[in-house]
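Number of protein chains: 2
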Amino acid sequence: MTVFGDSPARNLVCRGCGTKYPLAAQHACYECFGPLEVGYDADALARVTREQIAAGPKSIWRYAGLLPVGADASARVTLDPGFTPLVRADGLAAAIGVRGPLYVKDDSANPTHSFKDRVVSVALTAARALGFQRYACASTGNLANSVAAHAARAGVPSMVFIPSDLEPGKVVMTAVYDGDLVAVEGSYDDVNRLCSELTETDEFEKTAFVNVNIRPYYAEGSKTLGYEVAEQLGWRIPEQVVIPMASGELLTKVDKAFQELIEAGLVEPPANGWKVFGAQSAGCNPIATALHKGTDEIVPVKPTGIAKSLNIGDPAAGLYALEAVRRSGGWMDYADDGEIVDAIRLLARTTGIFAETAGGTTTAVLRKLVASGKLDPDAETVVFNTGDGLKTIDAVSGLVGPTYRVRPSLKAVREAGLID
Amino acid sequence: MTVFGDSPARNLVCRGCGTKYPLAAQHACYECFGPLEVGYDADALARVTREQIAAGPKSIWRYAGLLPVGADASARVTLDPGFTPLVRADGLAAAIGVRGPLYVKDDSANPTHSFKDRVVSVALTAARALGFQRYACASTGNLANSVAAHAARAGVPSMVFIPSDLEPGKVVMTAVYDGDLVAVEGSYDDVNRLCSELTETDEFEKTAFVNVNIRPYYAEGSKTLGYEVAEQLGWRIPEQVVIPMASGELLTKVDKAFQELIEAGLVEPPANGWKVFGAQSAGCNPIATALHKGTDEIVPVKPTGIAKSLNIGDPAAGLYALEAVRRSGGWMDYADDGEIVDAIRLLARTTGIFAETAGGTTTAVLRKLVASGKLDPDAETVVFNTGDGLKTIDAVSGLVGPTYRVRPSLKAVREAGLID
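Taken in order, these protein sequences are the chains called E and B. Counting in UniProt numbering, the first sequence runs from 1 upward without gaps. Counting in UniProt numbering, the second sequence runs from 1 upward without gaps.
In isolation and in its complexed conformation, chain E is listed as follows:
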């Protein structure tokens, strides 16, 4: 038994030097300052079966046996996110020249309409077990929505930190849950630094910043996206995945999920492996730029552009994202604001999915990867939509609208040309 009950997690492991630590509220290595990651008992993971998972709830908690927390349903802090649709996208495929099966993993279907509900549910369930009494985060918007909503349902105070220039929809959807909301006059990277400093203060000793002081647990929640895709494909890993990058962590965790599924014996290792592709915006492309230059040096940028949820100029997991993409034989690219908006509209009219700017970015990059030949148009591909178009509605609101405007009479409809 661990602090998290009957969990398969055993320790925290430094991604830099491999030093191990007990499961606690720690996110950096005392030896080398490298980031920590949850380590598991391989035997415990190997005991998980497809049947156990299939018998579980239609949420991320069906994979509790592969997560650090959540085996005890009564101890969860959660909106029960996950098991979102994997949508076959033949219309999109035809439009961009993909001939193999193409799917959109649509995480706008989560309770607060982004993939962040996954990581927040895992992080806050850990936070409760670790004794934290207030829930917090540094956020580009979606995380703010999710932390505030989770805290409201759990009846726990929250304090969310955001850059002051976020999209109005994301600000309102955080504030409506009635926790504290701190608008910081700076970039996300400024907000993140401030939150790191606050975790060292007495006033924030009992405050769990989901993506700072309990980040190792938080990050594990993203694995569920990979688990779900594999299960929804009939326990199979797709040949290619295209994933948006902010910190880069989502990409690395989907990749890790595929590896764990193989190690746990839940899927067969694909003969040709799988390729991981990363998407950034032109306004914030430090990881893709490093890949294009063939370097490990990720030069921080000052982000610009409409894909605000991806605007992390100093990406914490950028190096690991580079590693995963290089190891798998994938690639990264970036799209400018015009391409992002076009892709939001393309995705909507071909699939019925209205994505936020991050999903537009990923779709735009998919299109570019096909055009440049980096992505195999005949292979099976899954593209990830991580958020909802209603949250970034200003991206398209000036471009789309009524195609006709009429008075309520047949005469007016006739004059508009709708009938003879």
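Simulated from the structure, these hints should not be mistaken for lab results. There's no promise every hint is true.
The list cannot tell twin chains apart, which means a pair is met if one copy fits it or any two copies do.
Said to hold, decoys possible - Here are the simulated DSSO-like cross-link-like pairs (lysine-lysine), alpha carbons at most 30 Å apart as the crow flies:
hint, residue 1, residue 2
1, Lys20, Lys293
2, Lys368, Lys293
3, Lys58, Lys293
4, Lys302, Lys411
5, Lys256, Lys374
6, Lys58, Lys256
7, Lys293, Lys256
8, Lys411, Lys206
9, Lys293, Lys411
10, Lys206, Lys20
11, Lys206, Lys58
12, Lys20, Lys256
13, Lys374, Lys302
14, Lys368, Lys256
15, Lys368, Lys302
Place chain B on chain E using the hints.
Chain B in isolation, oriented as in the chain E frame:
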């Protein structure tokens, strides 16, 4: 076999005079002009088992055996909505003085974030079988979003008619799917009349208006909300349900769903029945007003107020809603704009659910029904949230926002009083 394949539906039945018609694209009785409703083979319904349903998909289609269409998955026009969360709302209960179990059925979790995906999936699946080649509707917004998205995924042209003064979010979320969108300078009732007239024109002969010329199929989709609530409670009908009313049809269909579950032997009839409560806004309360006056005469109104998705001044199913509420021993009430906004915020901070104005209306009316003693605070109650707060964000955007604004430094945070 019917036009809908192996469906339990057998005919269309006039709700006024009982005349029966074959399953076709017909919505009014040739004898008395009354509305038609789908009639089923009672034996076919009785053959449906809990086990069959439990083995089905986690969507409305698990109830295909109780619906007119959808048994053949390959013939569906659908975003696979349904099986949305039933959220235990202890915090809300405590805040408004409810002592019995209180649940929110949260239909903002549907693909286009309202309950309309249910009715559209059933209607358009019928429309395809009936040979229609374009999908349309008269809408107060949510229906517009859903029809446009369904058509986009199916690759079928759409033409959606809306009042020109709808909330911007709902307009953009319809237009982004790239079908035709007709803004009509008038009320929803004007739009609806216009669409009825258009169904008689040559140009619209092959156009399915989901809530006009194929309305009987459309309306059946709402039954799935009742089925789900009963299944999620462990195959039990709750003692009290509180349901928003626009046309009044949602209320009557949830009530019908409970009756059918009993007739099909899927639930035990509750010893004391169940009570149905209806919610309107003060700006559009013709059904509740008729109930309060003790009359069957529903006097049409010109709707006002922020609950635009409920703004149907001449409600088609108002009389049937009155009947259901009276028969069950329930009640109706209405809430003004201030009460609606307060209730949106109350629901958000106690449950983590961000509802649109319709959900605020229903929550506000729940609160009033408790205060007035019409609703039993010790009984089990389910309140329906039918849509998403992001769609009507202006209702709260002037009222909520950041609680602090700081520069990104510990000094600034100290001056703001967050730390010593």
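Hints violated by the structure (listed by number, smallest first): Of the numbered hints, 1, 3, 9 and 11 do not hold.
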